[in-house]
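> When you get a sec, could you build the whole thing from the sequences and use the hints?
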Amino acid sequence: MDHRPILASSCAMAATAVEARFRIDAKPQTPRNTSVVALDEGAMAVVRELAGQKWNAARFLGCAAGADGPDGAGAGDYADLQLCTVDGERVRLSEELAEADFVMMIATEGRGAAAAATIGDACTLRGIMTAGLIVGTNGESGAALTALRPNARVLLVTDDEQDATELLAAVGA
Amino acid sequence: MLKQDVNELLTRTGPGTDMGDLFRRYWIPALLAEELPEDGCPPVRVKLLAERMVAIRDSEGRYGLIDEFCAHRGASLWFGNNEVGGLRCAYHGWKYDVTGACLDVPSEPENSNFFRKVKLTAYPLVKIGDVLWTYMGDPADKPPLPEFEWCLVPPDQTYTSKRWQESNWLQALEGGIDSSHVSWLHSAGLKNDPLFKGSKGNDYNLNDMRPFFEVVDADGGLFVGVRRNAEEGRYYWRITPWVMPAFTLVPPRGDHPVHGHFWVPIDDENCWVFTFDYLPARALTGAELQAMKDGHGVHNEYVPGTYRPLANKDNDYLMDRSAQKRGETFSGVKGIAIQDASLQESMGPIVDRSKERLVSADSGIIKARRKLLTAAVALRENGTVPPGVDPAHHRVRSASIVLPKERSFLEAARDAVSVIPGVPQTSV
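Line order of the protein sequences matches chains H and B. Here the working numbering is used: the first residue of the first sequence is 171, the next is one more, and so on. Here the working numbering is used: the first residue of the second sequence is 484, the next is one more, and so on.
Note that these hints are calculated values from the structure, not bench results. Do not rely on the hints blindly, as some may be mistaken.
Stated by the list, open to error - Covered stretches of chain B (chain H as the covering partner; in silico rule of three or more C-beta atoms under 8 Å from a C-beta of chain H):
no., stretch
1, 696–704
2, 819–829
3, 844–854
Glycine included, every Cβ here is placed at the ideal spot set by N, Cα and C.
Written as C-alpha cells, this is what we have:
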C-alpha cells in the first residue's frame with residue numbers, strides 16, 4: 171500500500187478490454203512432444219483415429235504384438251517395452267521417451283495393466299507427465315481404471331472418444 | 484488451448500447466442516431474496532445474460548422480472564413506484580404487473596382497452612432458499628424448479644452471499660472446477676481462515692502439493708476427484724461436482740460448512756458469483772454465520788451498500804506485499820474469494836484461450852468446456868435438453884474422504900456424493 175500505481179496500465183485496472191489490446195502477441199506455445207500409447211486393441215482403434223488428425227508434435231503407438239508386458243531390464247534400471255507406431259514401425263519405450271514431454275495412455279479394458287505400469291514407472295523416472303484416458307464406461311472400464319490409476323497422474327473416464335482429441339489439442343500436442 | 488471461435492461460442496451468453504440459448508434452458512439465480520425484502524418494496528435493477536430487467540415484489544408478495552424499460556418512451560422502470568398490484572413508471576405513469584402486463588395507461592381515455600395491448604418481456608422469479616431464481620427461456624421448455632440442497636435445507640442451516648466479478652462467467656466457473664490452485668493460492672487460508680482451518684484434510688492438502696486427478700462423467704456434469712497421499716496404503720480424496728452449466732461445490736473440510744458457487748453471467752464481461760455455505764444436518768453456529776457475514780471463507784467484504792467487493796481492481800485488491808512476504812497470504816490479496824477474483828479478473832474480461840498453455844492436470848476444465856460445447860451444439864442442432872436441467876442432477880454433494888488405494892473414488896463415495904436429506908456431509 172506504500173506505492174500506489176499512477177497509470178492505468180500499471181495497476182489491476184489494466185484488466186480491461188481496452189488494455190487487453192496491448193498484451194504481447196507472442197506465439198503461445200512450442201509444441202509439446204507427446205506420445206499417445208494404446209494399451210489394448212480397443213484403444214488402438216482410438217489411437218489410429220487420432221493419428222489421422224493434424225498435430226504439432228504427437229506420436230501414436232500401441233503395444234507391439236507379442237509384447238504384452240515388459241521385457242525385462244532395458245537401457246536403464248527399469249523394464250522396457252516394445253511399442254509399435256500406427257504405421258507398424260517398432261520402437262522401444264526407452265527410445266520413445268527420450269524426447270517426450272507428455273505421455274497419454276488410452277485403455278478400454280484392464281489387460282494393459284503391465285504395460286501401463288512399465289510406462290508409468292519409466293515416465294516417473296524421467297519426470298515425464300502422464301495421463302490416462304479410459305474410453306467407455308462399460309463393465310471393462312473398471313478394470314482399465316484399476317490398471318491405470320497408479321500409473322497416470324491424471325485420469326479421464328469418458329464415453330466420448332472425442333475427449334482424446336480435446337485433451338491433446340488443449341495441451342498443444 | 485481453444486480455438487477462438489469456440490472461445491467465442493462458450494463465453495457469449497446474450498440473446499441469440501449458442502451459449503445464451505443453453506443458459507436459457509436452466510433456472511438460474513437472479514438475485515438474493517434479501518434484495519426484495521418485503522411486499523411492495525422498491526424494484527431492483529438486474530442484468531442477466533446481457534438483458535436488462537427490473538425485479539419486483541408487488542404488494543401481494545408476487546415476484547417478477549420484467550424488462551427494465553417502459554414500453555412508452557423507454558425510461559427505466561427502476562425509478563417507478565411499486566404501488567398496489569404493480570409498478571408504475573415514474574415518467575408518465577404507465578403501470579405493469581409482475582408478468583409484464585400493462586395495467587394502466589393514464590394518458591388514454593378512462594374506458595380505453597389500449598393497455599391490454601401492451602406487455603413487457605417478463606420472466607418468472609421464484610424464491611427458493613435465500614435466492615430468487617429465474618428462467619429466461621421459452622415458457623414451453625420451462626423445467627421443474629431447481630433442487631440444489633443448499634436451497635432446500637432449513638433456513639438456519641444455510642447462508643448465501645453474492646459478489647460482482649468483473650470477468651466473463653467461464654473463467655470464473657473454471658476456477659471452481661480447478662481445485663489444484665487451492666494448495667497454492669489459498670494455502671494460507673487453509674491455516675488461518677475460521678471457516679477452513681483445523682481439519683485433518685488440510686494437512687493432507689498441504690503435505691502433498693502434487694496431486695493426482697480423476698475426471699468422471701456425471702449425468703448432470705462431472706465429478707472431479709483429486710487424490711493426495713494419506714496414511715500408508717490410503718489416499719485422501721477431494722471430490723468436486725460440477726452441475727451444468729454453472730454450479731460447483733467445494734469439498735468440505737472437517738465439520739466446517741460446505742461451500743459452493745453458482746456462476747451467473749451478467750453480460751459477457753461480468754458475472755455474479757452466488758456463494759453459499761450450508762450444512763445438511765445441523766444449524767450454522769452464530770460464530771460461523773458471523774464469520775460468513777464478515778467476509779471469511781468463500782465470502783467477502785463489500786463496498787458499503789453494494790455487492791461489489793471492498794477489495795477490487797480499482798484499488799489493486801488492497802494488495803499487501805508485506806503480508807505476502809510474511810506468508811500470511813500467497814498472492815498478497817486477503818480472502819479466498821478475492822484471491823480468486825483478482826487472478827480471474829487479471830486474465831482480462833474474456834480470457835484469450837487460444838494463447839493459454841494447459842496441462843493435463845487441467846483435464847476437468849478441458850472436459851467441462853467440451854461438455855458445454857457439445858450441449859450447446861446438440862441444443863442448436865437437435866433441440867436436445869442439456870445435462871443439468873433435470874432436478875435429479877442437482878442432488879449431488881461434494882465430499883472429502885480417505886479411501887484405501889485400490890478403491891475407485893466414485894464407487895466408494897457414491898453415497899457421499901448423493902444428497903440424503905438430514906445426513907451429514909462426508910468430510911475429513
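> Hints first: check each against the structure and report whether it holds.
Here is how each hint holds up against the structure:
1. With 5 residues having a beta carbon nearer than 8 Å to a beta carbon of chain H, the stretch 696–704 of chain B meets the requirement of three or more and the stated coverage holds.
2. Counting residues of the stretch 819–829 of chain B whose CB lies closer than 8 Å to any CB of chain H gives 3, which reaches the minimum of 3, so the coverage claim holds.
3. Remark: the stretch 844–854 of chain B is confirmed as covered by chain H, as 7 of its residues place a Cβ nearer than 8 Å to a Cβ of that chain, reaching the required three.
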